[in-house]
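**Student:** Sequence:
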Amino acid sequence: FPVTIIYLYGTQDAATDTTKPISSVSFSSSYVNSSSNASGITVDYTVSDETDLLSMQVLISSNSNLSSPVVCGYVNFIGGTSASGSVACATNRLSSSDGIVYVFTRAIDAAGNVEDAPISADDTFIRDTTAPSSNVTAGGAIRKSNVTSSLWYSATDARTGIASVAFYYSDTSTLANPVTCFTITMAANDTGTKTNITSNQSCTLPNVDGKYYIFSRATDVAGNVEAAPSSYDQLYPIVTGKQVKIGRAHV
Numbered sequence: 001f002p003v004t005i006i007y008l009y010g011t012q013d014a015a016t017d018t019t020k021p022i023s024s025v026s027f028s029s030s031y032v033n034s035s036s037n038a039s040g041i042t043v044d045y046t047v048s049d050e051t052d053l054l055s056m057q058v059l060i061s062s063n064s065n066l067s068s069p070v071v072c073g074y075v076n077f078i079g080g081t082s083a084s085g086s087v088a089c090a091t092n093r094l095s096s097s098d099g100i101v102y103v104f105t106r107a108i109d110a111a112g113n114v115e116d117a118p119i120s121a122d123d124t125f126i127r128d129t130t131a132p133s134s135n136v137t138a139g140g141a142i143r144k145s146n147v148t149s150s151l152w153y154s155a156t157d158a159r160t161g162i163a164s165v166a167f168y169y170s171d172t173s174t175l176a177n178p179v180t181c182f183t184i185t186m187a188a189n190d191t192g193t194k195t196n197i198t199s200n201q202s203c204t205l206p207n208v209d210g211k212y213y214i215f216s217r218a219t220d221v222a223g224n225v226e227a228a229p230s231s232y233d234q235l236y237p238i239v240t241g242k243q244v245k246i247g248r249a250h251v
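Under this note's numbering, think of the first position of the sequence shown as 1, with each following residue one higher.
Treat the hints as calculated values from the structure; they're not laboratory data. Even glycine gets a Cβ: it sits at the ideal position worked out from N, Cα and C. Keep in mind that a hint or two might mislead.
[Claimed, not checked] Here are the simulated distance ranges between beta carbons:
no.: 1; residue 1: Asn207; residue 2: Asn63; range: 55 to 61 Å
no.: 2; residue 1: Thr172; residue 2: Ser29; range: 37 to 43 Å
no.: 3; residue 1: Tyr74; residue 2: Ser231; range: 44 to 50 Å
no.: 4; residue 1: Asp116; residue 2: Thr174; range: 55 to 61 Å
no.: 5; residue 1: Asn177; residue 2: Ser67; range: 47 to 53 Å
no.: 6; residue 1: Ser173; residue 2: Ser86; range: 47 to 53 Å
Could you put the whole structure together from the sequences, leaning on the hints where they help?
**Tutor:** Pasting the structure below:
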């Protein structure tokens, strides 16, 4: 009887192919924040094989030795000896806490050859899903018709450091319709925990008697933004056209 041989996604070469495919992956950013961790990231891959490709897994691990990996993405191929492109990676499938995440791939060809697990990751990023915190405190007495006192602020982030701190005031204790005074941006080499920082930056309050509620919101290097506070940090009563100094000096 005649015999018919069918090769999956490939040619007759797949029947004698014993060479394992090779693949790699890269990620364009150094950080994943709470938003991108929830929605997933996009990674770029390349893969090649002597005969025909079948599929590729994208894996992530919280361990530098790549132990206990989790599949975050998957690509199917319809033959071909090489491919490149982008694929979604669901980083929230990794249940470990924030920190360094190691990314790598493993491909399989039409002959069933599975790429060896790599010794090291193709790429890494820092997962930081925790927002920073900040606070404004008074630096001295507030007088109705004199120069205003300085304000002090502190800002802290547990993982990637503080990128910037924005200062606001509102004329209601609920902090409705806040007005931005200014934003302090940290230098690239000046991140981390910032406490008791002052300088000559200033915030001009309206030239109207009343109560003005001051607060701040910090952003960390990963892009997490501190939530709007439920209460103010400082209250400035009846300051007529004076400036409240807020700022920083290197510490």
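**Student:** Run every hint past the structure and note whether it holds.
**Tutor:** How the hints compare with the structure:
1. Separated by about 59 Å at the C-beta atoms, Asn207 and Asn63 satisfy the suggested range of 55 to 61 Å.
2. Separated by about 38 Å at the C-beta atoms, Thr172 and Ser29 satisfy the suggested range of 37 to 43 Å.
3. Checking the proposed 44 to 50 Å range against Tyr74 and Ser231 shows it holds: the Cβ atoms sit about 47 Å from each other.
4. A hinted range of 55 to 61 Å holds for the C-beta pair Asp116 and Thr174, which are about 60 Å apart.
5. At about 51 Å, the beta-carbon gap between Asn177 and Ser67 stays in the expected band of 47 to 53 Å.
6. At roughly 48 Å, the beta-carbon separation of Ser173 and Ser86 lies within the given 47 to 53 Å, and the hint holds.
Checked against the numbered hints listed earlier, the structure breaks none of them; every hint is satisfied.
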